[in-house]
Amino acid sequence: MTIIHRFLKTPEGLAGALLLAAFVLVALAAPFFFPRDPLSIAGPALLRPFQDWSLPLGTDRLGRDVLAGIFHGARTSLAVSLAAAAASIAVGAIVGTLAGFGGGWTDEVLMRITDAFQTVPGFLLALAFVSVVGPSLGVVVAAIALSAWTGPARIARAEVLSIRERDYVASARVAGMHPLEIAFREVLPNALPPVLALASVIVAQAILVEAALSFLGLGDPNRVTWGGMIAEGRTVLRSAPFLSIVPGIALVLTVLGVYLAGEGAVETAAKRRSLA
Amino acid sequence: MMLDFRISRRGVLAGSAVLLASTALPRIAEAQEPKKGGRLIVAADSEPRNLNPAIVASNGVFFISSKVVEPLAEASFDGKDGLAPRLATSWEGSADGLSVTFKLREGVTWHDGKPFTSADVAFSALQIWKPLQNLGRVVFKDLEAVDTPDEHTAVFKFSKPTPFQLIRNALPPLTAVVPKHLYETGDIAENPANNAPVGTGPFKFAEHKAGEYYRLEKNASYWGKDLPHLDEIVYRVLPDRAAAAGALEAEEIHLAAFSAVPLADLERISKVPGISVISKGYEALTYQLVVEINHRRKELADLKVRQAIAHAIDKEFVVKTVFLGYATPSTGIVPVNDKQFYTTDVPQYAFDVAKANALLDEAGYPRADNGTRFALKLLPAPYFNETKQFGSYLRQALAEIGIDAELVNNDAAAHQKAVYTDHAFDLAVGPPVFRGDPAISTTILVQSGIPDGVPFSNQGGYRNDELDGIIAKAAETLDPDARIALYRDFQEKVAEDLPLINVAEWGFITVARDTVKNVSNNPRWAVSNWADTWVEA
Amino acid sequence: MNRALRLIRRRLIGAIPVLLIVIVGTFLLLETAPGDAVDAYIVSTGGDAGLIEALRQRWGLDQSPMTRLATYLWSLSHLDLGHSVTFSRPILDVILERLPNTLLLMGSATALSFGLGSALGIVAGAKPGSFRDRFLSIGSLALYAVPGFWLGLVLTVLFSVQLRWFPISGIETIASGKTGLGRALDIGRHLVLPVAALGFIYLALYLRMMRTGMAEAWRQDFVLAAKARGISLRRIVIRHVARNALLPLVTMLGLQSAQMLGGSVVIETVFSVPGLGRLAQEAVASRDTPLLLGIILVSAVLVIAINLIVDILYAFLDPRVGASEATA
Numbered sequence: 001m002t003i004i005h006r007f008l009k010t011p012e013g014l015a016g017a018l019l020l021a022a023f024v025l026v027a028l029a030a031p032f033f034f035p036r037d038p039l040s041i042a043g044p045a046l047l048r049p050f051q052d053w054s055l056p057l058g059t060d061r062l063g064r065d066v067l068a069g070i071f072h073g074a075r076t077s078l079a080v081s082l083a084a085a086a087a088s089i090a091v092g093a094i095v096g097t098l099a100g101f102g103g104g105w106t107d108e109v110l111m112r113i114t115d116a117f118q119t120v121p122g123f124l125l126a127l128a129f130v131s132v133v134g135p136s137l138g139v140v141v142a143a144i145a146l147s148a149w150t151g152p153a154r155i156a157r158a159e160v161l162s163i164r165e166r167d168y169v170a171s172a173r174v175a176g177m178h179p180l181e182i183a184f185r186e187v188l189p190n191a192l193p194p195v196l197a198l199a200s201v202i203v204a205q206a207i208l209v210e211a212a213l214s215f216l217g218l219g220d221p222n223r224v225t226w227g228g229m230i231a232e233g234r235t236v237l238r239s240a241p242f243l244s245i246v247p248g249i250a251l252v253l254t255v256l257g258v259y260l261a262g263e264g265a266v267e268t269a270a271k272r273r274s275l276a
Numbered sequence: 001m002m003l004d005f006r007i008s009r010r011g012v013l014a015g016s017a018v019l020l021a022s023t024a025l026p027r028i029a030e031a032q033e034p035k036k037g038g039r040l041i042v043a044a045d046s047e048p049r050n051l052n053p054a055i056v057a058s059n060g061v062f063f064i065s066s067k068v069v070e071p072l073a074e075a076s077f078d079g080k081d082g083l084a085p086r087l088a089t090s091w092e093g094s095a096d097g098l099s100v101t102f103k104l105r106e107g108v109t110w111h112d113g114k115p116f117t118s119a120d121v122a123f124s125a126l127q128i129w130k131p132l133q134n135l136g137r138v139v140f141k142d143l144e145a146v147d148t149p150d151e152h153t154a155v156f157k158f159s160k161p162t163p164f165q166l167i168r169n170a171l172p173p174l175t176a177v178v179p180k181h182l183y184e185t186g187d188i189a190e191n192p193a194n195n196a197p198v199g200t201g202p203f204k205f206a207e208h209k210a211g212e213y214y215r216l217e218k219n220a221s222y223w224g225k226d227l228p229h230l231d232e233i234v235y236r237v238l239p240d241r242a243a244a245a246g247a248l249e250a251e252e253i254h255l256a257a258f259s260a261v262p263l264a265d266l267e268r269i270s271k272v273p274g275i276s277v278i279s280k281g282y283e284a285l286t287y288q289l290v291v292e293i294n295h296r297r298k299e300l301a302d303l304k305v306r307q308a309i310a311h312a313i314d315k316e317f318v319v320k321t322v323f324l325g326y327a328t329p330s331t332g333i334v335p336v337n338d339k340q341f342y343t344t345d346v347p348q349y350a351f352d353v354a355k356a357n358a359l360l361d362e363a364g365y366p367r368a369d370n371g372t373r374f375a376l377k378l379l380p381a382p383y384f385n386e387t388k389q390f391g392s393y394l395r396q397a398l399a400e401i402g403i404d405a406e407l408v409n410n411d412a413a414a415h416q417k418a419v420y421t422d423h424a425f426d427l428a429v430g431p432p433v434f435r436g437d438p439a440i441s442t443t444i445l446v447q448s449g450i451p452d453g454v455p456f457s458n459q460g461g462y463r464n465d466e467l468d469g470i471i472a473k474a475a476e477t478l479d480p481d482a483r484i485a486l487y488r489d490f491q492e493k494v495a496e497d498l499p500l501i502n503v504a505e506w507g508f509i510t511v512a513r514d515t516v517k518n519v520s521n522n523p524r525w526a527v528s529n530w531a532d533t534w535v536e537a
Numbered sequence: 001m002n003r004a005l006r007l008i009r010r011r012l013i014g015a016i017p018v019l020l021i022v023i024v025g026t027f028l029l030l031e032t033a034p035g036d037a038v039d040a041y042i043v044s045t046g047g048d049a050g051l052i053e054a055l056r057q058r059w060g061l062d063q064s065p066m067t068r069l070a071t072y073l074w075s076l077s078h079l080d081l082g083h084s085v086t087f088s089r090p091i092l093d094v095i096l097e098r099l100p101n102t103l104l105l106m107g108s109a110t111a112l113s114f115g116l117g118s119a120l121g122i123v124a125g126a127k128p129g130s131f132r133d134r135f136l137s138i139g140s141l142a143l144y145a146v147p148g149f150w151l152g153l154v155l156t157v158l159f160s161v162q163l164r165w166f167p168i169s170g171i172e173t174i175a176s177g178k179t180g181l182g183r184a185l186d187i188g189r190h191l192v193l194p195v196a197a198l199g200f201i202y203l204a205l206y207l208r209m210m211r212t213g214m215a216e217a218w219r220q221d222f223v224l225a226a227k228a229r230g231i232s233l234r235r236i237v238i239r240h241v242a243r244n245a246l247l248p249l250v251t252m253l254g255l256q257s258a259q260m261l262g263g264s265v266v267i268e269t270v271f272s273v274p275g276l277g278r279l280a281q282e283a284v285a286s287r288d289t290p291l292l293l294g295i296i297l298v299s300a301v302l303v304i305a306i307n308l309i310v311d312i313l314y315a316f317l318d319p320r321v322g323a324s325e326a327t328a
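So the protein lines, in turn, are chains A, B and C. Take the first sequence: its letters are residues 1 to 276, numbered as in the UniProt record's numbering. Take the second sequence: its letters are residues 1 to 537, numbered as in the UniProt record's numbering. Take the third sequence: its letters are residues 1 to 328, numbered as in the UniProt record's numbering.
Simulated from the structure, these hints should not be mistaken for lab results. This one's a predicted model, so the numbers in the text were calculated from it and none came from an experiment. C-beta atoms are modelled at their ideal positions from N, C-alpha and C, and glycine is treated no differently. Heads up, a few of these hints could be off.
To spell it out: a stretch of chain A is covered by chain C in this simulated footprint if at least three of its residues, at any positions, have a beta carbon under 8 Å from a beta carbon of chain C; those stretches are [what the hints assert, rightly or not]:
{"id": "1", "region": "109 to 122"}
{"id": "2", "region": "211 to 224"}
Chain C regions said to be covered by chain B (calculated; three or more residues, Cβ under 8 Å) [unchecked claim]:
{"id": "3", "region": "27 to 36"}
{"id": "4", "region": "94 to 104"}
{"id": "5", "region": "164 to 171"}
{"id": "6", "region": "259 to 273"}
Taking CB as the label site, the calculated pair distances span [what the hints assert, rightly or not]:
{"id": "7", "chain 1": "A", "residue 1": "ALA90", "chain 2": "C", "residue 2": "GLY129", "range": "33 to 41 Å"}
{"id": "8", "chain 1": "A", "residue 1": "PHE184", "chain 2": "C", "residue 2": "ALA70", "range": "36 to 44 Å"}
{"id": "9", "chain 1": "C", "residue 1": "GLY182", "chain 2": "B", "residue 2": "ASN195", "range": "26 to 34 Å"}
{"id": "10", "chain 1": "C", "residue 1": "MET66", "chain 2": "B", "residue 2": "GLY449", "range": "33 to 41 Å"}
Bound-form chain A, shown alone (with noise of 0.2 Å):
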């Protein structure tokens, strides 16, 4: 409770956590308030915000709410964001610690690998890697995921390495646990904090990258994003610029809020850290 309320005293935590909680609101009541599929056809095309309370954003060009698209662009926005961080953690969290407990071999290899990643632009990773699978919302997910598991991946074995000799692994050790299962039961549950650290940055990129592959003509044909929003809008970005501006006006606040939100968890911990 304590820290909660900590979090929420920094100004950064506040603001993240209530630009946070809209969003999430947001994706959560699209479905009630928006039941029809987002992408069907509501109204005139190209009609301007505020000139008709039904549709109090407009329309895009083939008449599609913008408002709806909005709500269920939340929506994939976080399944999106949430699943690439989980997948990204996951993945990363285990080459990190089969590197670190394993050591010699495995770990060069693994570490090579992570290397290789690493080298090769994140971006033009995920920009090959869907135009060659083809766009759909799983893919758009791996594609983010191959491209941010490195960072999990490094703080992981960082952690198993320090962790590694502690008494409580070689107890394990001396009571016959299998090497694999110390590491996964016993090294990795603690490693584990130092990594989900990592997780607002992966959120945030991650919803930066699904928006710029939309852009690029790379999302999911069956769903509303908000980078697929603005890549509609930009060919009329002249004569209807809120087409493109609205969603980018609701990406950027997501983002920051997601930024500011890691930013307060972060200066909460170090806060805690000073006073203990």
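Model the placement of chains B and C on the given structure of chain A, informed by the hints.
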């Protein structure tokens, strides 16, 4: 012109003045003294790898190379049979359909100074158009020999009767002549002139800076008197579709053809002083918006289901919303603006959701509890904004009649592979081109027995012996009227049996600064030679 | 110096397996792609089965993937990147033509974000917790949250179309015939907006790192000592605090290079800059496997080289750290 009619009816363009100016342009230009010299900068959205129009007969290639390499004849608004002479001055078919005689222009030289002769035509026809060209393989398949009695006569000899009408219609897109002396040695496909073409046209190929521009220079010894007017044409590579409009406004380019300025931005840009929106000049390049159907799929093999889909599509909405009025609803497989073959006498499928639903019930596909009858995969071609947008619309239209369509967006290579090679689609959205004669690139859309992998052809596993019979018969019918009658029959059968669904037809839009003169003065303007185009200082 | 040489040698040897993994991985990825170079080519030209067959044979696509990979690796061991079927030219030529544009874009953007970022970081970190500090750090964070392509779009509409201060796209005025200084200025004018779009986004990284570093430095003994000796605040900030906080930023420079390269892909698209990123998109679209392999290889080498330089720099800047401990 049909497109002009649509636009003026909509009356949205500040346009009416613009439009008048554009239609009247050729005449105004006659009164105005063309200015010599200057550079014209135009937007190019892609960089074709092979610039040889004799091998690759496609509009992307023509857009650049048509200024360098010329065909035997060009399309024309007022010429006889819709043609204007270029490298050939006259053409005549024999009564038996076995030969066509071309008289060639005298005093023409290639850009490297060598004279142009009938040997070049014979070489191009036999060594390139017939064996290598994507479209020529069909039209010139029975070409056996080209006799060259003198340097300026070429006589095409066919092994089977070949309709002269077809050859004539094929002259503008299929007959670019390349120099024999550069192509006779070595592998034609690997010839360096494919990337830096040498021709007889008003402009010489100067340079290509990949990712940036192509530059063409004036051919000072062009055969056309006092032509060309321009010193240079520069194609600025702007792969980003939204970039052309801004570049026009910032006066960084003069002209954007092939709807490089998105349709949705036309209304706004037409109001910018000094910029005109021109819909003329694409009459011979009609693109068709088509729903391709995979007949291997049980449900789609049922005519009632195909009819239901046809009834579910609101063509007027598509024209109005996807194309913003810059298109015409289709009535059948031959476009409305075709003057020779088109007939209205075919079954029509009015927009009628209730009827579509009834047809599906009748066909034995009732709605399940969740409201859907069956699900399918829909692959819109990625080449145009409009094909993709229509894909999004079609998904919604199908949802209304209980068909759950999942959109699959592929890039060009993957789409080609999925639809035309692997047949891994149920419905696809394609943009085939009507090129003035159904035999050039239209009958292939429904004909059976086409090998896998051929783009814009019947890859849906459709087979109709009666239609195949009509197509075969028309291919060897010499009498133009009899041929037209056969193709009318063909249109009717296609509309009846719906091997595919024609939704709309469109020509492109050119947006140009007013300083550019003699724009859109022939039906293939964007892919013609621009010898008489000039830029006001 | 000796230490630097040893570092270089060790890194170069270490790079070989990494590059090998990169190549094989990319190759396999493109192998699984639906459609090959011939399919991509046929889309724009049309053609029948005979032509398709002939092209596959001519481009060597009828061979098995393993044979092609082996052939590629073999010619690569002779430092030959192969021939691009898309451009009908040697791949190295194509890449070397585009590379300078990307380097220029990346380099300038990095300089902008590093320079301005660390300067603003000093301003913010000089008084931790002040309004100025909060404003700068949250403001830069907001910039960091902006998608690059969106910032690019907004900048173009504002400064190119409306105000006409800068050219809308491209790397230089096409076929202008400019040389020397005139050309350099021309390129500079074209680069302003793309560099701004790319550089402003990463500003936050350096600003915040500088600020954090300074906040920590404030608490250190030597700073307290300097304060006690009555040295002016400005002097303490610049001489002691900022200098110490600068070191991690140098490491960041290396770590960011791959991300900067990735970010430039989108920026190159928005501004039609003919660079490596756009080339990569073209290579993917035309399924030009050797070309994409070449691009990824070159960018990987670039990233490795930048990190190596950063490490050497680090070793010189901070003699306390042996080169072996410097992060990769």
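Comparing the hints with the structure gives:
no.: 1; hint: 109 to 122; in the structure: holds (count 9)
no.: 2; hint: 211 to 224; in the structure: holds (count 4)
no.: 3; hint: 27 to 36; in the structure: holds (count 4)
no.: 4; hint: 94 to 104; in the structure: holds (count 3)
no.: 5; hint: 164 to 171; in the structure: holds (count 6)
no.: 6; hint: 259 to 273; in the structure: holds (count 3)
no.: 7; hint: A/ALA90 with C/GLY129: 33 to 41 Å; in the structure: 37 Å, holds
no.: 8; hint: A/PHE184 with C/ALA70: 36 to 44 Å; in the structure: 38 Å, holds
no.: 9; hint: C/GLY182 with B/ASN195: 26 to 34 Å; in the structure: 30 Å, holds
no.: 10; hint: C/MET66 with B/GLY449: 33 to 41 Å; in the structure: 35 Å, holds
Checked against the numbered hints given earlier, the structure satisfies every one of them.
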